[in-house]
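Enquirer: Single-letter residue listing:
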Amino acid sequence: MKPLQIVAVAAILAAGTWARAADAPGKPMKMDEPMHGEMKKGSMKKGDVKKAAKKKERELKPMIEKEAAGSAKK
Amino acid sequence: MEAAQAQWVKIHPLIVRITHWINAFGILIMVASGWRIYNASPLFPFRIPNELTLGGWLAGALQWHFAAMWLLVINGIVYVTYGVVSGHFRRKLLPITPRAVFHDVQEALRGRLAHEDLSVYNAAQRAAYLAIIVCAVVLVFSGLAIWKPVQLQEITAIFGGYESARVVHFLTMALLVLIVVVHVVMVILVPRTFPTMITGRARRAS
Amino acid sequence: MKKRTMETSLAGHSPKLIRSIERRLFLKQGLSLGALALLAGCDLTDDESVQKLLTGMSRWNDGAQAWLFNPNKLAPEFPESAITKPFPFNAFYSVDEVTLVDGKDYKLELEGLIRDKKPWTLPELYALPQTSQITRHICVEGWSAIGKWSGVRFSDFLARVGADTSAKYIGFKCADDYYTSIDMATALHPQTLLTFRFADQILPPKYGFPMKLRIPTKLGFKNPKHIMSMFVTNEYPGGYWEDQGYNWFSGS
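Residue numbers (the working numbering), protein chains in the order written: chain A, 1 to 74; chain B, 75 to 280; chain C, 281 to 532.
If you're looking for bench data, these hints aren't it; they were derived computationally from the structure. Treat the hints with care, since some could be wrong.
What the hints assert, rightly or not - A short list of chain B residues far from chain A (calculated; beta carbon distances all over 10 angstroms):
hint : residue
1    : N113
2    : S115
3    : L132
4    : M143
5    : G150
6    : V158
7    : A188
8    : E190
9    : Q225
10   : Q227
11   : E237
12   : R240
13   : L249
14   : P265
Claimed, not checked - Simulated pairs of lysine to aspartate or glutamate, DMTMM-like, Cα-Cα distance not exceeding 25 angstroms:
hint : chain 1 : residue 1 : chain 2 : residue 2
15   : A       : K56       : C       : D463
16   : A       : K30       : C       : D342
17   : C       : K353      : B       : E228
18   : C       : K448      : A       : E38
19   : A       : K50       : C       : E404
20   : C       : K387      : C       : D444
21   : A       : K55       : A       : E65
22   : C       : K332      : A       : E38
23   : C       : K387      : A       : E38
24   : C       : K486      : C       : E357
25   : C       : K397      : C       : E515
26   : C       : K365      : A       : E38
27   : C       : K365      : C       : D376
28   : C       : K353      : C       : D342
29   : A       : K41       : C       : E357
30   : C       : K448      : C       : E377
31   : C       : K387      : C       : E360
32   : A       : K55       : C       : E404
Computed from a prediction, not measured in an experiment: that's the story for all the values here. Glycine residues also receive a C-beta, built at the ideal position from the N, C-alpha and C atoms.
Make the full structure from the sequences, and use the hints.
Expert: Encoded structure:
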């Protein structure tokens, strides 16, 4: 094969692999995109869940640890 | 002439007037929020324009729906208890025969239905008001069937399961809305019936 | 259509402003129905108070549903032939963005009022006695689908790890950042299963690998997928959708 043919075949294979990978499930979430489904309010973004989860974790963690420590003493 | 002398007669008891308007308000909220809930997963190949719905989004519509539900529960208990105990239902809605209903509906369509005595419902009115009560009962039970298909599964089973209960709930809503539209059109055509549902009184030549 | 253009034109504005405009829009929709005329006397322009009333009613409905909840009432079960195929995928993201959890490194974390907080690996969870159910999954959007899930009875698991079952709530944190919580009575219901299989196969990622808590007595969004950790508590933990306005109990 000529070098040019090799390059062409390699490019096609690479493009195909990339296309498959891009299409496969599990590609990273685009957090700034609107949420999917009918449960959302118009302006909600996928990233809102991550933000809310972090906020919730900050709020709950101390309370839950304190509660668990309190019950362990008993 | 003595016959020309007008006389005020009481035709709608206070309790009926109050429950009527609370009911109108509650049904409006139920229907408008219900349309928004419908839009989240339409049963039929159409959606209700969002401008006609209440709640802004699914969660808002559900909040309105399940809040107005309690208003209608309390109102319904008061109205039905009064209607049965006082004999209001029996006096105002009965007797009713298919022949009389057919006759009065035809007269109404020809614009010839008499409304001289507003204290007595004609057969078409009786049929419409009874149908509203029947619709309300079906809506309550089909609604319970959708809301609680596990805890109240016996009710869900009556409607043939969860999915068919949704269809029954929607179609009964459609029938109720149709009757209410006819009811409102009739009030517009016979406007003097409107203040009677507020004041409770009507003029009657004696 | 109109709404969408509004949203794009709002991009870049503060969420607070957007929220207030949304709220105004939402009220306008109410007003267009003549609700104002009927609400005469009640100050509907004070939207905060209307929202407060609606939130209060939703809390009342939590109580009503908890009261109605019968711990012995079983959700109807269906034959294999009734299973919905294909079973719908539903999440706040599309199916091609499903979270992939590595099963080899996976450990279920336990927190809060639990005696034995040792994390659980998948082989350990798979070794527990398993049971199956074919039940109807009902989404808050209205649609429903019948599926088959298998796993360990959640009440057995809670007993095994020494969870304080006199506590009020169990909260869940998921790999896709989703979080929710349930009441203890529902957690102890005999059909509440910590499931590892869907249709007799290991849960595929789109249905919640490595595990989904299947609760046939609650709406779909109360059935967390991709669970990474759970905690037992007496502090109300809420949940993502619940904190946005969806009813917390959401029982079926």
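Enquirer: Would you mind marking each hint as holding or not holding in the structure?
Expert: Right, here's what the structure says about each hint:
no. : hint              : verdict
1   : N113              : 8 angstroms, violated
2   : S115              : 7 angstroms, violated
3   : L132              : 6 angstroms, violated
4   : M143              : 21 angstroms, holds
5   : G150              : 30 angstroms, holds
6   : V158              : 41 angstroms, holds
7   : A188              : 51 angstroms, holds
8   : E190              : 52 angstroms, holds
9   : Q225              : 23 angstroms, holds
10  : Q227              : 25 angstroms, holds
11  : E237              : 17 angstroms, holds
12  : R240              : 15 angstroms, holds
13  : L249              : 26 angstroms, holds
14  : P265              : 41 angstroms, holds
15  : K56(A) / D463(C)  : 18 angstroms, holds
16  : K30(A) / D342(C)  : 34 angstroms, violated
17  : K353(C) / E228(B) : 11 angstroms, holds
18  : K448(C) / E38(A)  : 30 angstroms, violated
19  : K50(A) / E404(C)  : 29 angstroms, violated
20  : K387(C) / D444(C) : 21 angstroms, holds
21  : K55(A) / E65(A)   : 16 angstroms, holds
22  : K332(C) / E38(A)  : 24 angstroms, holds
23  : K387(C) / E38(A)  : 32 angstroms, violated
24  : K486(C) / E357(C) : 23 angstroms, holds
25  : K397(C) / E515(C) : 19 angstroms, holds
26  : K365(C) / E38(A)  : 21 angstroms, holds
27  : K365(C) / D376(C) : 19 angstroms, holds
28  : K353(C) / D342(C) : 18 angstroms, holds
29  : K41(A) / E357(C)  : 33 angstroms, violated
30  : K448(C) / E377(C) : 34 angstroms, violated
31  : K387(C) / E360(C) : 32 angstroms, violated
32  : K55(A) / E404(C)  : 32 angstroms, violated
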